[in-house]
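Chains A and B supply the protein sequences, listed in that same order.
Each residue of the first sequence is one higher than the last, beginning at 0 in numbering that gives the first Met the number 0.
Each residue of the second sequence is one higher than the last, beginning at 0 in numbering that gives the first Met the number 0.
Among these hints, one or two may not hold up.
[Unchecked claim] Just so you have them, the derived chain A footprint on chain B, three or more residues with Cβ under 8 Å: (1) 64 to 74; (2) 87 to 100; (3) 120 to 127; (4) 439 to 446.
Honestly, the hints are just simulated from the structure, not real lab data.
Glycine residues also receive a C-beta, built at the ideal position from the N, C-alpha and C atoms.
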Amino acid sequence: MSDLNVGSSKGALRRGWSAAVGDYAIAGGWCLRGEALMVCDAEGSVYAFDGKSGATVWERRGVHEGGVLAVAIHPSGTAFATAGQDRRVLIWSAAEGQVSRAIDVGSGWVENVAWSPDGQWLAASCSRQVHAYGADGAEVWRSDDHPSTVSAIAWSSVGELATACYGRVTFFDASTGELRQKLEWKGSLVSMVLSSDGDIVACGSQDNSVHFWRRSTEQDSMMSGYPAKPSALAFDDTGTLLATGGGEAVTVWSFQGSGPEGTRPGVLELHVQPVTTLAFARRAMRLASGGRDGAVVVWSLQRDGEGGPIGDAVVAGVVAELYWRPDGRSLAALDARGGVTVWRIG
Amino acid sequence: MNTPNLDLEITPRKVPVTILTGFLGSGKTTLLNRILSEEHGKRIAVIENEYGEVGIDQALVIDADEEIFEMSNGCICCTVRGDLIRVLGNLMKRRDKFDYVLVETTGLADPGPVAQTFFMDDEIREEFSLDGIVTLVDAAHIEQQLGRSDESTEQIAFADVLVLNKTDLVNGEALDRLEARLRDMNRMAQVVRSERANVSVDTVLNLAAFDLDQVLERRPTFLESEYPFEWTGVYSLHIGRYELSLADGPDPAMSLVVVSDQGMDEAALREGAEWCVRRYAEPAELIRPGEEIPVGKHVNLRLDSPGRKSFFLEVDTQVRVGLYAQHTAEEFDLQLTNADGATIRQEVERTWVAQHEHDDEVGSISIERDGDVDPDRLNAWLGKLLSERGVDIFRMKGFISLAGESRRFVFQGVHMLFDGQPDQPWGDAPRRNHLVFIGRNLDEQSMWQGFEACLI
Numbered sequence: 000m001s002d003l004n005v006g007s008s009k010g011a012l013r014r015g016w017s018a019a020v021g022d023y024a025i026a027g028g029w030c031l032r033g034e035a036l037m038v039c040d041a042e043g044s045v046y047a048f049d050g051k052s053g054a055t056v057w058e059r060r061g062v063h064e065g066g067v068l069a070v071a072i073h074p075s076g077t078a079f080a081t082a083g084q085d086r087r088v089l090i091w092s093a094a095e096g097q098v099s100r101a102i103d104v105g106s107g108w109v110e111n112v113a114w115s116p117d118g119q120w121l122a123a124s125c126s127r128q129v130h131a132y133g134a135d136g137a138e139v140w141r142s143d144d145h146p147s148t149v150s151a152i153a154w155s156s157v158g159e160l161a162t163a164c165y166g167r168v169t170f171f172d173a174s175t176g177e178l179r180q181k182l183e184w185k186g187s188l189v190s191m192v193l194s195s196d197g198d199i200v201a202c203g204s205q206d207n208s209v210h211f212w213r214r215s216t217e218q219d220s221m222m223s224g225y226p227a228k229p230s231a232l233a234f235d236d237t238g239t240l241l242a243t244g245g246g247e248a249v250t251v252w253s254f255q256g257s258g259p260e261g262t263r264p265g266v267l268e269l270h271v272q273p274v275t276t277l278a279f280a281r282r283a284m285r286l287a288s289g290g291r292d293g294a295v296v297v298w299s300l301q302r303d304g305e306g307g308p309i310g311d312a313v314v315a316g317v318v319a320e321l322y323w324r325p326d327g328r329s330l331a332a333l334d335a336r337g338g339v340t341v342w343r344i345g
Numbered sequence: 000m001n002t003p004n005l006d007l008e009i010t011p012r013k014v015p016v017t018i019l020t021g022f023l024g025s026g027k028t029t030l031l032n033r034i035l036s037e038e039h040g041k042r043i044a045v046i047e048n049e050y051g052e053v054g055i056d057q058a059l060v061i062d063a064d065e066e067i068f069e070m071s072n073g074c075i076c077c078t079v080r081g082d083l084i085r086v087l088g089n090l091m092k093r094r095d096k097f098d099y100v101l102v103e104t105t106g107l108a109d110p111g112p113v114a115q116t117f118f119m120d121d122e123i124r125e126e127f128s129l130d131g132i133v134t135l136v137d138a139a140h141i142e143q144q145l146g147r148s149d150e151s152t153e154q155i156a157f158a159d160v161l162v163l164n165k166t167d168l169v170n171g172e173a174l175d176r177l178e179a180r181l182r183d184m185n186r187m188a189q190v191v192r193s194e195r196a197n198v199s200v201d202t203v204l205n206l207a208a209f210d211l212d213q214v215l216e217r218r219p220t221f222l223e224s225e226y227p228f229e230w231t232g233v234y235s236l237h238i239g240r241y242e243l244s245l246a247d248g249p250d251p252a253m254s255l256v257v258v259s260d261q262g263m264d265e266a267a268l269r270e271g272a273e274w275c276v277r278r279y280a281e282p283a284e285l286i287r288p289g290e291e292i293p294v295g296k297h298v299n300l301r302l303d304s305p306g307r308k309s310f311f312l313e314v315d316t317q318v319r320v321g322l323y324a325q326h327t328a329e330e331f332d333l334q335l336t337n338a339d340g341a342t343i344r345q346e347v348e349r350t351w352v353a354q355h356e357h358d359d360e361v362g363s364i365s366i367e368r369d370g371d372v373d374p375d376r377l378n379a380w381l382g383k384l385l386s387e388r389g390v391d392i393f394r395m396k397g398f399i400s401l402a403g404e405s406r407r408f409v410f411q412g413v414h415m416l417f418d419g420q421p422d423q424p425w426g427d428a429p430r431r432n433h434l435v436f437i438g439r440n441l442d443e444q445s446m447w448q449g450f451e452a453c454l455i
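Just chain B, with the same shape it has in the complex (with noise of 0.2 Å):
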């Protein structure tokens, strides 16, 4: 044979793949038909478990049974779709091969084994990349089938992309209302509206939401992280003794942490915040009526008696503090009055996005902190809680400041699937890290200890 040799030829990019998940009527056909229909001159290939009328000449269509295959170990991250490793084993093998995939499931289908799939297996990993998973949420229905079915809630929890459909049979209020309640469950996803899944073609493919490279590109905070608290007020003090009272309010306790020396623009805000967010993580010491509260202590004011509550401040130095409170001022009537019974006005008051007690089983955990990590803390941390509570983290996405490591360490993950790499430097920029876990019943606060208990 004289054939020069041709292994020098450059690996060819990886075939992007996409999956349309949502229930039964929801519009996923409708909005595959549209992708398909539109002129963007790629070959597409469409991988379909629920046989409906796509009927599109430039696509090759082929109809496969959903096959879950679990493995005999039992582990719930090796469980990979034999259709989708059997289907699309075959299309790589064309040398004109398909510039795109989209894989359209039953509406009950549970996302994690497909998504499993491209990491699983080794021969799909090498010609494909799972770019995004899309889930139609029929905006009529979806609050009854989130009642009913783990896999509706599943589908949502999993998404990069929430389409919003039919948004036309529902009122403007009821599908804010609704709005809120899926981006509570998923807040890494994008949510677009649409009534005949009429959105456009890239606000659906192309999203590169599995490339650790790009995940942080186009979203470089993928959303606006939480505190433990929901309100600060900075006042300026003298020295003396103070009185912090408070009303009856929504509930029987409040947690708060005092910091002195607050100073009163947005930066100093915010690394007050910080390090108060630090002091939310340890235990609080409780404080009860007619007590002292110390000064830089997560304390937890008891506010259980009836009427209005007295706690004492005592200020030894000219300074300004910042009241970090689990709950606004408004909610208690927060009052802080000096010595001669002159109420004392805050400087500044912002209020913060709250974690707040989410409805729904699943929910998102944003942890965001400053500083550098521990290496191998942040290795057992998270190697435990992926083996314990694996099962119900559904995706995870984030980067992390390493101790030592010049760039920042970018990771994301399904289930156990744990998947990073270093990336850009981190140069001039603060060094902090930023984690988003998608799951069910996670414990929020015990998260946030445990990647606090990492932290140099």
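So that you can see chain A by itself, here it is in the shape it has in the complex (with noise of 0.2 Å):
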């Protein structure tokens, strides 16, 4: 990447705006349908960026003391919530930036936190204990302490919700917290994603390696041999493709067919440090990678995980998110010294 300088792109990537915010870019996300991008950082501050311009539509600095440390957008899109070190959730409306509700979730940090994918239910966790809420913010039930800190949440369907921790990926009913399924696996599990049908579930171990269940058939496969550790991972919308971090390297690996066992993923080679954060476009078979060396690129892909570099730019710092807008014709990057980098992809 020594042909690169900060702040120029090339390929898809085409110049759009940046701004920049008080601290490390945490995490954010597109609302209001691509119109505006939130971005939180570990100030604790909460910012709203015109999506066309970058122009800054409002701002809330140190609403979260000790810093934010996750973000989910509503699937509206005109509402989010932050989670922080304060313990709290708040729920904001995008357009104007109030806080419809502000949750006291736990006694320790609230470290993750997402929608369901129809937006009845809001679950966040905090130390051992995943609770869920009601869209209006009133809590609904809470788990039992899991065996370690939840490392991760995610939705498996409308109904369901998933947690990873140290040994093991948990399923939840969504409104009665009921305990569906157990998937247990000695190691810790530092990242989670699920395939849209909520088959399969990945995780990233502190042990340089990629675990996956697939729920219908109760198979489960390990992919060792990662330079580092992989807490970077993503599923294409369809559920065929699997991207992991975990080095340098972005390693693909495809679920079609009798796939990946057995398979040779595709290894797209580009970054020249271990890569930070994954992100698919919606309906496209197309990558945004990000490293610690402040690279992105976009690659696009075959079903087969083989693919190749169409566009790349760096940006200040480590790149800590990707998003896609929407209709998946920008994407933003939020870095490590709170620089908001957007680019229009051609």
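Taking the hints as your guide, dock the two standalone chains into a single complex.
This is the structure in structure tokens:
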């Protein structure tokens, strides 16, 4: 990536706009059908930028004391939730920047937050428990203690929530909190993604491997040999391709046919430092990857997992998160130096 | 974006982390509060596994449950502390980074996974450096605790600094005995005494105990070497036959090496000691009363018959000999007489810090040897040692003189994790090796022999 300078871009990535927040840009997302980009930082501030121009629409400084840890955009795009070290979840209106509900979750950091696909439920994890709230923010149930702090949460379907922690993935009924399934494996699961049909659950593990289960057949597999911890994972929305970090290369496993067991993954090489985040565009075999080197690459993939770069760019800090605008025509990068960069996709 | 290339910025210094361990009631919280309340102008973050009454405004205190993550491969050195990875991973994102991190573990914490976290997790290793492990010891209760739990033993074995606290509750003699016991278990650590954890902050922070560049600068020899013998006597002898006699003593046998052409100054004694260490590593020849003692060989004198026992020494030229004996002359009333029955008095005698039987399962082994080491043999020996005994080796540190390498090779490790690099050039300094291992049930003799075989 030596031919790229900070701020430059080429190929499919066309310069859009850039902005800055006060500290490490932790998380955010597109709201209002792509008209606004929300960004939250390690200082606990929340910003809304105009999707086209990058102008600040509103900002709220230091609302989460100690910093924001997670953000979830409501499926409608009109609201979002932020979670922080201050043990709270805040529900915001995207257009006005008003907090409609503040929830005291528990006695530790709130590290994960996620809306159900239909927007009816909001899940948040705090220490060893996961809590489920109705759309109005009233708590419906909370889980018993997990064996360790919950490291990731995701909705496997409209009515079911999945959690990952040390040694296990657990599935809960959304409305009752009843435990539906436990998948156990001795290892520290640091990340989790699910295929869109909820059947395949993949987790990155502290011991530099990716473990996945097919829930319908209870068959599980481990992909090992990664040079680093695969904390970045992404499934395309057909459930065919699983992209994984865990080193400088992006490794793409294809679930078509009887794969990925016994098949060779696609190996996408361009980053010179480990990959930190991955995001698939909706309804497209297009993957964006970001790395510790500040590089952002967009790849075009085939159904067998092979592919090549169609555009790249470099931002000033470690890439924290990448967000495709819902229509797939813009890509936003948040970085460790508080940079927010948006490209139009050609 | 018109920002200039910012990546030319110098890599920031890693944030040092100090681990505070010790049983409940040993005074961890008192020490923590003491460190925090001192005027040092530093931004300190505290990660507490044992929720105490830390309440200091200038520090960020984060409560986290201790979470031990073992890996599916079952490897003990891959076991890390998930809570630290999570909390430190978030702390390092802030622009106004902390200058220092203190981790207060629970009384029952195993320090191994805590230390390993700073070597095994790439992201943590990149931003933080383990500065040192400080273990508080409740002088009044540690004896009972050591008998009952592996954790307290391990906390002592892992420590860089042992704070012997609550000394006002124990009398001086018992305290000395306790300190000697702790030093036996961990000869690498500094022992500091205190009443109410009132130690100077400098003795517990900025130890750079895991920093290879500094490990040796601060304590060029970490400890006095131990020898497999306790006593040396130097005698001037003429041609003739001499009788070495010993009375009943504490052991049924005693090892001995007789060195000829022995000098009398300290340098010559040390040189002789070095040479004898090699002999001691060789199997001993059994010598019965009435038999002759060969010069320059490791022998084992049989002393199990009652009364005074005599052995003989034949000298065919005028020479000064050194007797390097496993026990002091006093213990067996060792006497050397000539053919006329006249007692020969030694011209010089010296006692050595002897390796001795350790009462505790956990102890320190120090290997100090002159000369160069064959890198391949060293690799093979260490590799085998760590794979077979790594679970029982808590800490190791040292430097080695590798053949063909102009610089001193320094190393340190935790369980099977080994970290080494060349540091300063030897220059005119005599080339030597010093290795210290702290572990459980380590076989001193076989480790000495193993290392001996690596020497060229």
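Taking a Cβ-to-Cβ distance below 8 Å as contact, does the region 87 to 100 of chain B have at least three residues touching chain A?
holds (count 4)
Is the listed coverage of the region 120 to 127 of chain B by chain A valid when you require three or more residues with a beta carbon under 8 Å from a beta carbon of that chain?
Held - the region 120 to 127 of chain B has 3 residues with a Cβ nearer than 8 Å to chain A, which meets the minimum of three.
For the region 439 to 446 of chain B, do at least 3 residues have a Cβ located nearer than 8 Å to some Cβ of chain A?
Three-residue rule not met by the region 439 to 446 of chain B, so violated; n is 0.
Outcome, coverage of the region 64 to 74 of chain B by chain A - at least 3 residues whose beta-carbon is closer than 8 Å to one in that chain
holds (count 7)
Checked against the numbered hints above, the structure breaks only hint 4 and satisfies the rest.
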